[in-house]
Structures are given as structure tokens and as C-alpha cells.
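S.K.: Sequence:
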Amino acid sequence: MDYLQIANSFPMWLAAGLAITLALFQAIIFAKKSYNTGKEIGLTEGQMKSAMKSSFITSIGPSIVILTGLLSLLVTVGGPMAWMRLSFIGSVMFEMMAAGFGAEAVGVKMGIDPMTNMAFANAVWTMILGSIGWIVFATLTADKMEKVQVKFSKGDKGLLGIISVAAMLGSFGSLVSGHLVAMNKNTIAALVGGTIMLILFPIADKKNIKWLKEWALTLALFGGMLIAALI
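With the first letter of the sequence shown counted as 1, position 154 gets the number 720 in this note's numbering; the numbers rise by one all the way through.
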């Protein structure tokens with residue numbers, strides 16, 4: 567049997583669907599609890615709706631990027647696994663790398679050699695087991711993060727804000743640094759996207775254009791990709 571018949575079989579769709587249903591259930595629970603907590607701490611209905619709207623709009627750009635990754639991944643591991651993995655992890659780079667390592671372990675180079683049933687099974691196991699570390703680490707340390715933050719900031723709320731911003735800048739910097747030094751179209755996309763953000767945010771702040779603040783990231787992502795593709 568061809569491996570794609572297994573990869574796109576009904577049991578695989580069912581298993582992937584159950585996993586994604588669990589993720590959706592968790593998202594609904596978190597959203598509901600966040601909404602209730604917002605009311606408890608005094609946030610207005612308008613503020614919460616504005617935050618939800620901004621989050622939704624901001625997610626459009628990254629979601630389109632993930633969709634393009636989905637198309638490349640489903641060619642190698644089939645629709646169900648691509649759908650499930652990118653719904654959970656969202657990193658096509660990690661998934662392609664993990665699938666490649668798994669296939670190579672049984673002597674199949676993805677994109678070069680014909681995929682076998684054994685290589686497919688090994689790729690799937692590698693993709694899943696490779697992400698267990700994140701789940702275990704988060705489970706064991708999530709409840710301790712507040713204590714770590716307080717210890718680092720020594721109770722200073724201002725310093726805590728600085729640490730949070732620095733951590734965010736560090737994570738985004740880590741993601742983009744490899745593209746900046748690559749000196750290829752990725753570099754152009756990163757620079758153009760950053761320039762668009764630098765232009766849009768001062769305009770949005772100065773003229774108090776709320777929708778522009780919400781759409782800035784999406785516009786920067788698409789702008790960077792478009793310019794890089796045209797050059």
C-alpha cells in the first residue's frame with residue numbers, strides 16, 4: 567500500500583480531528599476564563615472586545631504563513647498529520663526538520679528518495695516525540711514562573727515590565743536574526759517588514775488610528791513577503 571493511502575486514511579483524519587478538537591476546547595476554556603477574569607479586575611466590555619478584535623486581526627498574517635507551510639508539509643506526510651501538527655505547533659520549519667530526521671533514520675531522504683511506509687511512520691513518531699519536551703517543561707515549570715519573575719524583579723513592578731519587554735524582544739530577535747544575516751530574499755523581507763512597522767506605528771500613534779495599530783503587523787508581514795517576492 568502506498569504510504570499516502572495510509573497518511574490520508576479515515577483513521578488518520580479521525581485521530582487528527584480528535585486532537586484538534588481538544589485544542590479548540592482548551593482555547594474556548596481559556597477565552598471564557600479570561601473574559602470572566604477581565605470582568606473581575608474591572609475591564610469594560612469595550613476594552614475586552616477591542617482586545618479580542620486586535621488579537622484576531624494580528625493572527626491573520628501568521629496564520630497565512632502557516633497555511634503556506636501546511637501546503638508544503640501535506641505533500642510529504644499527508645493532510646491529517648500536517649493539519650494536526652501545524653494546529654498544535656505552528657512551526658513548519660520544526661516539522662519538516664523532524665520529519666526529515668525520522669525518514670533519514672531508515673535511509674530515506676525526503677524530497678529525493680521515494681517515501682516508504684516505514685519512513686512515514688518514523689517521521690510521524692519523530693515529529694510527535696520531538697515536541698514532548700516542550701509539554702513536559704511547561705507542565706513542570708509554568709506554575710513557578712511567577713515566583714521567578716518576582717525574584718528577578720525583587721518586587722519592582724516597573725522592572726518586571728522591563729524584563730517582560732526584554733524577553734519579548736529577545737524572542738523576536740532570535741527568530742529574525744538568522745534571516746537578517748542570510749543576505750538573501752529573507753533578509754529583504756525582514757528589513758522591509760521592520761521598516762513598514764516603523765512607519766505605520768508612529769502614524770497610528772500620532773493620529774490615533776486604532777485600526778492601523780491592529781493591522782500593522784499583518785500589513786508588515788504581507789508587505790515584506792510581497793517586496794521580497796517581486797525583487
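For the record, the hints were derived by calculation from the structure and aren't laboratory data.
Possibly wrong hints are sitting among the right ones.
To be verified - In silico BS3-like cross-links for lysine-lysine, where the CA-CA straight-line distance does not exceed 27 Å:
#1 776 / 751
#2 605 / 772
#3 599 / 772
#4 776 / 598
#5 619 / 599
#6 605 / 615
#7 751 / 598
#8 751 / 615
#9 720 / 619
#10 615 / 599
#11 720 / 615
#12 772 / 619
#13 598 / 619
#14 773 / 619
S.K.: Would you mind marking each hint as holding or not holding in the structure?
M.R.: Hint check:
Simply put, residue 776 and residue 751 have alpha-carbon atoms about 31 Å apart, too far for the 27 Å limit, and the pair is violated. Between residue 605 and residue 772, the direct Cα distance comes to roughly 30 Å. Violation of the 27 Å bound is thereby established for this hinted pair. Only pairs whose Cα atoms come within 27 Å are accepted, and residue 599 paired with residue 772 is rejected, the gap being roughly 34 Å. Note on residue 776 and residue 598: the hinted pairing holds, with a Cα-Cα distance of about 25 Å set against a maximum of 27 Å.
For a cut-off of 27 Å, the pair hint linking residue 619 to residue 599 stands: about 17 Å separates their Cα positions. Distance restraint check for residue 605 and residue 615: the Cα-Cα separation of roughly 12 Å lies within the 27 Å cut-off, and the hinted pair is therefore satisfied. Between residue 751 and residue 598 the alpha-carbon distance is near 42 Å, which puts this suggested pair outside the 27 Å criterion. Taking the CA atoms of residue 751 and residue 615, the gap is near 38 Å; set against the 27 Å cutoff, the hint is violated.
Taking the CA atoms of residue 720 and residue 619, the gap is about 35 Å. The hint is violated against a cut of 27 Å. This hinted pair checks out: residue 615 and residue 599 have alpha carbons roughly 14 Å apart, not beyond 27 Å. With a C-alpha separation of about 34 Å, the suggested pair residue 720 and residue 615 falls outside the 27 Å cut-off, and the hint is violated. Using a Cα cut-off of 27 Å, the hinted pair residue 772 and residue 619 holds, with the two alpha carbons roughly 21 Å apart.
In summary, the hint linking residue 598 to residue 619 is supported, as the alpha carbons are separated by about 15 Å, within the 27 Å threshold. For the suggested pair residue 773 and residue 619, the alpha carbons sit about 20 Å apart, so the restraint of at most 27 Å is met.
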